[in-house]
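If you read the protein sequences in the order shown, they are chains A and W. Using our numbering, the letters of the first sequence map in sequence onto residues 1 to 478. Using our numbering, the letters of the second sequence map in sequence onto residues 479 to 580.
Keep in mind the hints are simulated off the structure, nothing from the lab. Treat the hints loosely; a few may be bogus.
[Unchecked claim] Under the rule of at most 30 Å between Cα atoms (straight-line distance), these lysine-lysine pairs were calculated in the DSSO-like manner: (1) A:Lys88 with W:Lys533; (2) A:Lys214 with A:Lys242; (3) A:Lys325 with W:Lys533; (4) A:Lys28 with A:Lys129; (5) A:Lys410 with A:Lys443; (6) W:Lys533 with A:Lys300; (7) A:Lys16 with W:Lys533; (8) W:Lys498 with A:Lys79; (9) W:Lys498 with A:Lys133; (10) W:Lys577 with A:Lys97; (11) A:Lys79 with W:Lys574; (12) A:Lys461 with A:Lys368.
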Amino acid sequence: MNYETVIGLEVHVHLKTASKMFCGCSTKFGSPPNTQVCPICLGFPGVLPVINNKAFSLGIKTALALNCRIAEFTKFDRKHYFYPDLPKNFQISQYDKPFSHDGFLDIETAEAVKKIRLKRIHLEEDAGKLVHKEEDDYSLVDYNRAGIPLLEIVTEPDIGSPSEAYEFLVKLKNILEYLEVSNCNMEEGSLRCDANISVRPIGQSELGTKIELKNMNSFKAVRQGLEYEAERQTAVLKEGKKIEFQETRLWDSEQLVTYTMRSKEEAHDYRYFPEPDLPPVVPNAALIEEIRKTLPEMPKQRRERFIRDYALSGYDAQILTKEKKLADFFEACLKIFNKPKIVANWLMSDIAAALGSKGMSIGEVSFKPQDLAEILGMIESGAISGKMAKELLKESIDTGKRPAEIAKVKGLSQISDKSAISAALEKVLSMNQKAVSDYKTGKGTALTFLVGQVMKETKGKANPALVNELLKKRMGGA
Amino acid sequence: MVSKDNNNKKSEIDVGYVAKLARLALTADEIKRLGKQLNDILGYIGKLNNVDTAKVQPTSHVLPLKNVERTDKVVPSLRIEETLKNAPLKENSFFKVPKVIE
Chain A
1 MNYETVIGLE VHVHLKTASK MFCGCSTKFG SPPNTQVCPI CLGFPGVLPV
51 INNKAFSLGI KTALALNCRI AEFTKFDRKH YFYPDLPKNF QISQYDKPFS
101 HDGFLDIETA EAVKKIRLKR IHLEEDAGKL VHKEEDDYSL VDYNRAGIPL
151 LEIVTEPDIG SPSEAYEFLV KLKNILEYLE VSNCNMEEGS LRCDANISVR
201 PIGQSELGTK IELKNMNSFK AVRQGLEYEA ERQTAVLKEG KKIEFQETRL
251 WDSEQLVTYT MRSKEEAHDY RYFPEPDLPP VVPNAALIEE IRKTLPEMPK
301 QRRERFIRDY ALSGYDAQIL TKEKKLADFF EACLKIFNKP KIVANWLMSD
351 IAAALGSKGM SIGEVSFKPQ DLAEILGMIE SGAISGKMAK ELLKESIDTG
401 KRPAEIAKVK GLSQISDKSA ISAALEKVLS MNQKAVSDYK TGKGTALTFL
451 VGQVMKETKG KANPALVNEL LKKRMGGA
Chain W
479 MVSKDNNNKK SEIDVGYVAK LARLALTADE IKRLGKQLND ILGYIGKLNN
529 VDTAKVQPTS HVLPLKNVER TDKVVPSLRI EETLKNAPLK ENSFFKVPKV
579 IE
C-alpha cells in the first residue's frame, strides 16, 4: 500500500512596529532582560491594553497580499494557560473572529503551480522568553518579548510533502519581506513555524491522526523534521499499527529525530472568552482600500517585469528578485549605470561570492549601488581593468571603503593615457627588434608578445586594448 | 466543563476539573461546598435559557464602543528596580521561577 503525507503549517511573524501590541514598550531586540516592560505587558491588575493601529494595518496589508478576506467584525479573546513565559496567565489572541480568513498562496512544485489555501490570519501578542540552564534547578524569565505584535498565519492541510512545506515558507518569507511588515529573522525569533503532519493510505478521504511538530529553527529544520515524521508515521502504519493519539513532538536538530514533548498542561482547555478590555474592531472599508493601494509589487510580478524590461533570463530574474534588497540594489544601480546584463552578472557572481564569504546579505554591508556603478563606470572608461575591478569590489565590500578611495590608495588605475604608455612602448620596441621584424613579416604571435612586454613594463597597469592598438599603429599594418 | 442535560435546564459543574485548570488545591470538603455554590450560580444564570433569543445578535462586549486604538509610539518602560520589586525571586535582571522543562 502507498501512503501520502498531509501537512498544515502555522507561521508566527513579529510585526515591524516600534511599540508593543497593547502598550507603548519598545519592541527593540537584544536589550537587557526586563527593560522593555510596563504594568500592561506584565499583566498588572487594573491596567488597560489599547490596540496598536500600526500592527493592525500591517496585519491587513499582509492579509490582502495573501489574498485573504478581511472580516467585517473582529475581536480579541483571552487564551488561558499557565506557563511562566506568560505574565498574565492568558494570552490576548483571536479565537472565533479572526480579522482575516480564506486566502491562498501559490507555490511552484516540480509538476505545476499549486494553491495552498490559508485558513486564517489573526493578531495576538507574543509571550516572554525563558532561559534554562541544564545544571540549575530554576528557570529565568525575560518579558521584553511579551506583548510584541504577532501575526499567526494558518494554512489548510493542503501541503503534500516536506519539500512543498519548504517551498511555501520560502515564498511566504519572500512576500513578507517585500511587504516590509516583518524582519523575518528566524534566529531572533521574529519568524517561527510549527507544523501539523499526518499520513494516510492514498485514496483514503479522512485524515490520519495528526502530530504537531515544534522547535524547528530554520526552514531546513522544518523540512528535515517533516521528512523524519512522514517516514516514522508511514513505518508505523506499514506495520499495521496506528498512530494512537494526537501529541506534540519536538525536533532535535542535532540527533535529527523527533521526540514527545512533555505536556505543558495535561488538559488543553484554553477557556477562551472575549477580552473585556478591548472593544471589538470593525475595519473601515476606506482604510482597507487605502492599505490595498500601498501594496508593493510582489516578487512574481517583479520577476516578470525584469524579464520583460531588462531582457534578463528567467534564471537571472529569479535570483535577483529572491531578496527584495537585492532587487532594489539592482534597480538603483541601473539608474546610474544602465546596462542590466552587466550589473546582473556582477551581482550574481563576484558580489554574491564576496557576500557569501562574509555570511552576509546585500542589505547588511555598506557597499551601495553607486559603488558598483562607479566600479563598472571605471571599467567602461578604461580607468581600471576587469581584474582590478574584482579586487576593488572585494576590498570595498570587506572594508566598507568607497571604491574610488581604495583605487587611489592602492594605485589601482589603468593607464589609458596614450602619452603615458608610449614611453614604455618605445622602450619595448627598441629592446625587441626581432619581434618587430617578425611582426612585419606577418607573424601574429609577435604582437601578443610585444603587448605582454608593454604590460610588464607598466606593471600591468596599461590598458591592454589600447596597447594593442598603439603597437599596431606604430609598427604599421602587417 | 459544564454538562447540560437534554432539557437544557440543569447543569452540573466538575469542580475538581475547574480547580485543576485554575491551579487551586481544594480539599474534598471544599469541592463539595464550592460545587454547591457554583451550581447555584449556574442555575441562576441558567434562567436566561428561558428567554427567546432567536432574534438577538450575540454580544461579546457590553459597552457601545468599537475601534479604540493608539498610534505606534514608544513610551518609557518601567525602571528595572520597579519591575523586579514584587518578584519573590530574581537573578540579575531576570525573574527567577521554578524550573520548567519542555
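What's the verdict on Lys461 (chain A) and Lys368 (chain A), does the C-alpha distance respect the 30 Å limit or exceed it? Holds, because 26 Å separates the two Cα atoms, which is no more than 30 Å.
Check whether the Cα positions of Lys498 (chain W) and Lys133 (chain A) lie no farther apart than 30 Å. 29 Å, holds
Does the structure keep Lys79 (chain A) and Lys574 (chain W) at a Cα separation of 30 Å or less? Between Lys79 (chain A) and Lys574 (chain W) the Cα gap is close to 24 Å, so the pair holds against 30 Å.
Is it true that the CA of Lys28 (chain A) sits at most 30 Å from the CA of Lys129 (chain A)? It holds: about 14 Å lies between the C-alpha atoms, which stays within 30 Å.
Holds or violated: are the alpha carbons of Lys16 (chain A) and Lys533 (chain W) at most 30 Å from each other? 42 Å, violated
For the pair supplied as a hint, Lys214 (chain A) and Lys242 (chain A), confirm whether the alpha-carbon distance does not exceed 30 Å. 22 Å, holds
Holds or violated: Lys577 (chain W) with Lys97 (chain A), Cα cutoff 30 Å? 36 Å, violated
Does Lys410 (chain A) pair with Lys443 (chain A) here, judged by a C-alpha cut-off of 30 Å? 38 Å, violated
Given pair status - Lys533 (chain W), Lys88 (chain A), alpha carbons within 30 Å: 36 Å, violated
Proposed proximity, Lys79 (chain A) with Lys498 (chain W) (alpha carbon, max 30 Å): 16 Å, holds
CA of Lys325 (chain A) to CA of Lys533 (chain W), is that 30 Å or under? Judged against 30 Å, a Cα distance of about 54 Å means the pair is violated.
Given the hint that Lys533 (chain W) pairs with Lys300 (chain A), test it: the Cα-Cα distance must not exceed 30 Å. 48 Å, violated
This entry does not satisfy hints 1, 3, 5, 6, 7, 10, going by the numbered hints stated previously.
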